[in-house]
Amino acid sequence: MIPDAARLIADALALRADAFLDTLELGRPGLRLGLMVVFLAGLSTAIGQSVTLFAHRVSPRRFAASLLVQALLFVVGFLAWVAATWVVGGTIFDRPRPVVLAFATVGLAHAPQLFGFFVLTPYFGTPIGTVLSVWTLLASVLATAAVFDLTLVEAATCAGLGWLASQLLQRTIGRPIIWIGRAVRRSVAGVDVRTRPLP
Amino acid sequence: MIAFDLGTLVLVACIAFLVAGALAPLETLGWWAGWYGDGVDAADVEHEAATATRVPVAVPPHEHYVVFLSGIHSAASETHSAREAHALEELRSALPEAAVLEVFPYSVTNRALTGERYFSAFWRWLLRAKLSRRRAVKLAGFLINIRNVWQVGVSADRRYGPYYNRGSAQLVVGHLVRRGYPLGGGAPVMLIGYSGGGQVAVGAAPFVKELTGGDVTVVSLGGVLAADPGLLETDRVFHLYGRRDGVQRLGAFFFPGRWPILSYSPWNEARRRGTLRSVLIGPSDHTGAGGYLDANTRAPDGRTYLQITIDVLSAIARGANDELPVATTP
Numbered sequence: 001m002i003p004d005a006a007r008l009i010a011d012a013l014a015l016r017a018d019a020f021l022d023t024l025e026l027g028r029p030g031l032r033l034g035l036m037v038v039f040l041a042g043l044s045t046a047i048g049q050s051v052t053l054f055a056h057r058v059s060p061r062r063f064a065a066s067l068l069v070q071a072l073l074f075v076v077g078f079l080a081w082v083a084a085t086w087v088v089g090g091t092i093f094d095r096p097r098p099v100v101l102a103f104a105t106v107g108l109a110h111a112p113q114l115f116g117f118f119v120l121t122p123y124f125g126t127p128i129g130t131v132l133s134v135w136t137l138l139a140s141v142l143a144t145a146a147v148f149d150l151t152l153v154e155a156a157t158c159a160g161l162g163w164l165a166s167q168l169l170q171r172t173i174g175r176p177i178i179w180i181g182r183a184v185r186r187s188v189a190g191v192d193v194r195t196r197p198l199p
Numbered sequence: 200m201i202a203f204d205l206g207t208l209v210l211v212a213c214i215a216f217l218v219a220g221a222l223a224p225l226e227t228l229g230w231w232a233g234w235y236g237d238g239v240d241a242a243d244v245e246h247e248a249a250t251a252t253r254v255p256v257a258v259p260p261h262e263h264y265v266v267f268l269s270g271i272h273s274a275a276s277e278t279h280s281a282r283e284a285h286a287l288e289e290l291r292s293a294l295p296e297a298a299v300l301e302v303f304p305y306s307v308t309n310r311a312l313t314g315e316r317y318f319s320a321f322w323r324w325l326l327r328a329k330l331s332r333r334r335a336v337k338l339a340g341f342l343i344n345i346r347n348v349w350q351v352g353v354s355a356d357r358r359y360g361p362y363y364n365r366g367s368a369q370l371v372v373g374h375l376v377r378r379g380y381p382l383g384g385g386a387p388v389m390l391i392g393y394s395g396g397g398q399v400a401v402g403a404a405p406f407v408k409e410l411t412g413g414d415v416t417v418v419s420l421g422g423v424l425a426a427d428p429g430l431l432e433t434d435r436v437f438h439l440y441g442r443r444d445g446v447q448r449l450g451a452f453f454f455p456g457r458w459p460i461l462s463y464s465p466w467n468e469a470r471r472r473g474t475l476r477s478v479l480i481g482p483s484d485h486t487g488a489g490g491y492l493d494a495n496t497r498a499p500d501g502r503t504y505l506q507i508t509i510d511v512l513s514a515i516a517r518g519a520n521d522e523l524p525v526a527t528t529p
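Same order as they appear, the protein sequences are chains S and B. The letter at position 129 of the first sequence is residue 129 when you use the numbering used here, and the numbering goes up by one with no holes. Count along the second sequence from 1, add 199, and you get the number used in the numbering used here.
It is possible that some hints are incorrect.
With a cut-off of at most 20 Å between alpha-carbon atoms, the simulated SDA-like pairs for lysine to any residue come out as follows [unchecked claim]: (1) B:Lys408 <-> S:Ala10; (2) B:Lys329 <-> B:Ala284; (3) B:Lys329 <-> B:Phe341; (4) B:Lys408 <-> S:Pro199.
In short, the hints are calculated from the structure, not lab data.
Turn these sequences into a full structure, and let the hints steer you where they fit.
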């Protein structure tokens, strides 16, 4: 069990900087907590965006498998972004830290996305999704500040540069990984989930 | 201590409301995905459509067909509301040449809340609570309204609306076919959507038109309408409202497509085309005593509020659209 997991998640949701500082002290359990939060957040987000799977009339078994795959791809995207942010933090801001600390704290910062399934809510779903994204962004800035010992503005810059770098990687040397991810999603769902058929 | 408990109660109620909202589209999406077996009435409709196109029907059994989609208080096709039941009797008397049907518009799987469902006993208990004379117990029955409000949201949502509205249309056409509606015969259909049923009627109308091949008129009776794309694909839409009806105004407030500033929304476009008319029919409120279906309260011209409503509905059904018998409002 991860000590104080519920409290840390609650504090992260409340955007308390202590939550991220405390996670730094946890060591390996902190990493487990961070990655677990990211995976569950990915699963919840996948449920929130599952209308396309229903629209394609996928079977319950393919539906469940697709959600799992999307959650895993969410984790991969997270790892790429945090790794890029860690490189930026270590080089541009000259704050070398163990990468696992960045995974643990920024992972915990994804706690707001645990509510991603609320995007299913009729009419209010899209604004809820926007609120969750902004909430996660703010928590991620706090987490970045905690890991690299930066001011909030520096942390926002660091996370932003990390995001830009990860986008650049996805569009260059990361392309084969993107293709593999898409192929796995298509193969598991049995359909191209980037389109949504209408009745 | 009491304040804390009340706060906790409100918080739990808010979370339950949001969770109910997140779960609301699943019935429609599961139905569309075929997780509950075949789509509702799909086989009936397709079979009837195939035979109807081969054998033209010369004389329709009824001159026109009226489908009543109840408000969010309903739990099954047949209304439990004495006012609504009386109003439907009056409508049948006013339109003897028409078939007047009732459809439960808040379940694309055609399952009444009190019917074959896992939690049907719960919904039956809530319905009994709703019909109770004790105010505190009655309040519990309000959960039926909340459940149905979310279904209206599903109909109005751009992501789910096409599936929900298709399912509702199949449900309507299934009921029509069972009442002898000749598919492909061109008999006109009038969908009356009361309150939340108005939005479902607007959403379903284009699909009803496609499946029946008939002329489709939608009448929203105090409907809470979104700027649904169905407004542009329906032959004519009448939004009837009473001067005291604050509920129907919620649509104009909550759905940005209803705001005048978004001039190219389906709502504003349909108004420009003249296919959508908003008609103030009298002084009535949304529901209950003083509501559209009240057979006791009288307008300045001496008619009851129910009579005004029936007069306007039958005038629309008969095509007398230019001079609707509306009442003056004090």
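Verification of the hints:
In summary, the hint linking Lys408 of chain B to Ala10 of chain S is not supported, as the alpha carbons are separated by about 52 Å, beyond the 20 Å threshold. For the proposed pair Lys329 of chain B and Ala284 of chain B, the alpha carbon gap of about 16 Å is at most 20 Å, so the pair holds. Straight-line distance between C-alpha atoms of Lys329 of chain B and Phe341 of chain B comes to about 7 Å, which keeps the hinted pair within the 20 Å bound. The hinted pair formed by Lys408 of chain B and Pro199 of chain S meets the criterion: a straight-line CA distance of about 14 Å does not exceed 20 Å.
In summary, the one numbered hint that this structure violates is 1.
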